[in-house]
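Use these hints to put chain B onto chain A, whose structure you have.
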Amino acid sequence: MKSLRYIDDVATLVLYEEKCIGCSLCTEVCPQGVFEMHMQRAEIVDFNACMECGACVKNCPVHAISVTPGVG
Amino acid sequence: METDAGPVPVVKSDLNGKDIISTVSVRCGIRRHRYTVSPGLYAVGSPDRSSEVLVTGNFKLTFDHLRKALGSVSAWILVLDTKGVNVWCAAGKGTFSTMELVRLIRDGSLEKIVDHRRLILPQLGATGVTAGQVRNESGFRVVYGPVRARDIPLFLQNKRKADKTMRQVTFTFLERLVLTPVELHMAIKPTALAILVLFMLSGIGPGLFSFQGAWERGIISIGALFAGLVSGTLLAPVLLPFIPSRKFALKGIIIGSLFATVSMPFVHGGADSISAMASLFIFIVMVSSYLTMNFTGATPFTSPSGVEKEMKQFLPVQMTGVLVSAILWIYSAF
Chain A
240 MKSLRYIDDV ATLVLYEEKC IGCSLCTEVC PQGVFEMHMQ RAEIVDFNAC
290 MECGACVKNC PVHAISVTPG VG
Chain B
418 METDAGPVPV VKSDLNGKDI ISTVSVRCGI RRHRYTVSPG LYAVGSPDRS
468 SEVLVTGNFK LTFDHLRKAL GSVSAWILVL DTKGVNVWCA AGKGTFSTME
518 LVRLIRDGSL EKIVDHRRLI LPQLGATGVT AGQVRNESGF RVVYGPVRAR
568 DIPLFLQNKR KADKTMRQVT FTFLERLVLT PVELHMAIKP TALAILVLFM
618 LSGIGPGLFS FQGAWERGII SIGALFAGLV SGTLLAPVLL PFIPSRKFAL
668 KGIIIGSLFA TVSMPFVHGG ADSISAMASL FIFIVMVSSY LTMNFTGATP
718 FTSPSGVEKE MKQFLPVQMT GVLVSAILWI YSAF
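Protein chains in written order, with our numbering: chain A, 240 to 311; chain B, 418 to 751.
Among the chain A residues that face chain B by a calculated CB cut under 7 Å, a handful are: (1) Y245; (2) V249; (3) A250; (4) E267; (5) P270; (6) G272; (7) M290; (8) E291; (9) C292; (10) G293; (11) A294; (12) K297; (13) N298; (14) P300.
Covered stretches of chain B (in silico footprint by chain A; criterion: 3 or more residues with CB under 8 Å from a CB of chain A, positions within the stretch not fixed): (15) 531-543; (16) 546-553; (17) 585-593; (18) 657-671; (19) 723-733.
Taking lysine-lysine and the DSS-like style, the derived pairs with C-alpha atoms no more than 30 Å apart in a straight line are: (20) K500(B) x K529(B); (21) K500(B) x K477(B); (22) K576(B) x K477(B); (23) K258(A) x K510(B); (24) K258(A) x K578(B); (25) K510(B) x K726(B); (26) K726(B) x K606(B); (27) K581(B) x K258(A); (28) K435(B) x K477(B).
To be clear, the hints were calculated from the coordinates, so they are not data collected in a lab. Here a beta-carbon is modelled for each residue, glycine too, at the ideal position from N, C-alpha and C.
This is chain B alone, in the form it adopts within the complex:
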């Protein structure tokens, strides 16, 4: 549409099939680093000089999520260049910033497009933006909107007032579940490397090295690796609030031990060697512990100070455990 500051692209507030397919694939980690929209000003519906300006980042998942949430609301969307990263992470990293916002306002001549001087920012952008400074440098006043885009229509109806629920981040079962594909995707490369190491380790035995041993025992050890993977990247995130302990590494040990017990017949059914079973059990538990501890990076309620504390406590445990497991595994070949 044409404005006093030039043409502004209009986008729909419903997502088409292509958008939905790419939403699913990016949630699995596919082409996650190139899923962007161009920064700048967009129009949803038919906004006029009194319509709100909603600010967001240029991760396409975020952009789609926002415009879908608007439904029948007409508004301007100001997209900052957050390098294809979502608002909260970008704010933490400094790309969803005061400086970037002021730049976009200036470059887009926003003062020619709307009569008011208000910007509605996602609350989670506050980590990177100083509201007072935006006002000083652009003349536009920052109003922090709700955490979730889907609350925007109600927020606007309530004369831009957010209630307590709108201002708090949650981590529901579904919100945790939707993170698991990416966690699995990120484990692919390290897993491939681990598989190589496990084959080599498993071949060590009487006669120095045996390819048959490497294969037969290797497969079993890889089964244990996958059990640890399932425990740490799927079970732990999904069952998070139900597993005892505040520390994620310990949660990983607990769920890992349970899952190791249950899966042992499948990993090493015909086992008669105690050292082999002990080795596999410890391995599953350590992998589970490490991966669950890693999940702290994807949770919205863990403090870095807390993560540092538990890493200092449990990384040595995990490394020692893997070492003991390796020694027992080699021992069980003799």
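The following block holds chain A by itself, in its conformation from the complex:
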């Protein structure tokens, strides 16, 4: 979210752009608006909003995303 921000540059989120097939599931499941689709590929538009919940990792059909999620 935009208004409440946490510590910058600590998230363990990685998007392997070359693997992305453009299904846009990551943009649907992310609760913080980290991803957006640009030219039929997903892009990270707000890295520091990532809370490492792992929803994107769980739903990407080609395993193009990795995160070290916390204990939940």
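Then chain B, alone, in the frame of chain A:
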């Protein structure tokens, strides 16, 4: 109601007095671990073979929240066994899972109840569910609905399309405020233990130990403890966005220092000892810092990596601070 797969219980979409009372008490942490509904299929309104299937967990607060949000919409509700935990936490823990969903679909013979092959999942369930895998194993396609149940009617009206606002989690003043009773409830046991320790510490003085000292000085130190509690479990969560610093431990120090200054006359009005006041001040600030840092576990925007970073930085500070405070407190008795 009767279906091709057997009888399905019908639930109302308005909550009665008993539901509301238990909602309030569970929000205060009372019987929070046994507030469940039985997993399985339920009907709201009068759903038919084309009605949507909404999936949720078996925490009764969640279940009530969902059926209330549906209002006049008729739908099927598929309740997973999340051990009485809400959807998002259960998803993170692995109980709101692909496997559990597939099991319920199979056990409930869902394919006999509806003609379509669609499941609407709360978006926050995505942390525990792989949409593609559900389809492969059950034949049902997962559609992720909005974050908030209250957006479901509009989501369904818009042909199951969610806008950007529906897909983002918020943490408003009210959403923060409603968490404070549970934070306070969880502090009860540690506080009781701390009170015992404070009495013992406060009795140390000239003549080794004095019960009068333990009582008189103990009360004052407990006052400081409560000031730290108020700061860390009430003020910090409620004022969260207004307190400077990204790190919660530091937010706790800032609000703790302010509140310690304001509350000192009440905690130790007739104080003439600098070491006593310094001890109490530091204690309030450290308790506030620790409790505020603890609040990261209840916020929807903190990353575990970030929490780990600030814990590594501030736990030593908090422990040292409490130690210094203890030494000063004992010193001030002489």
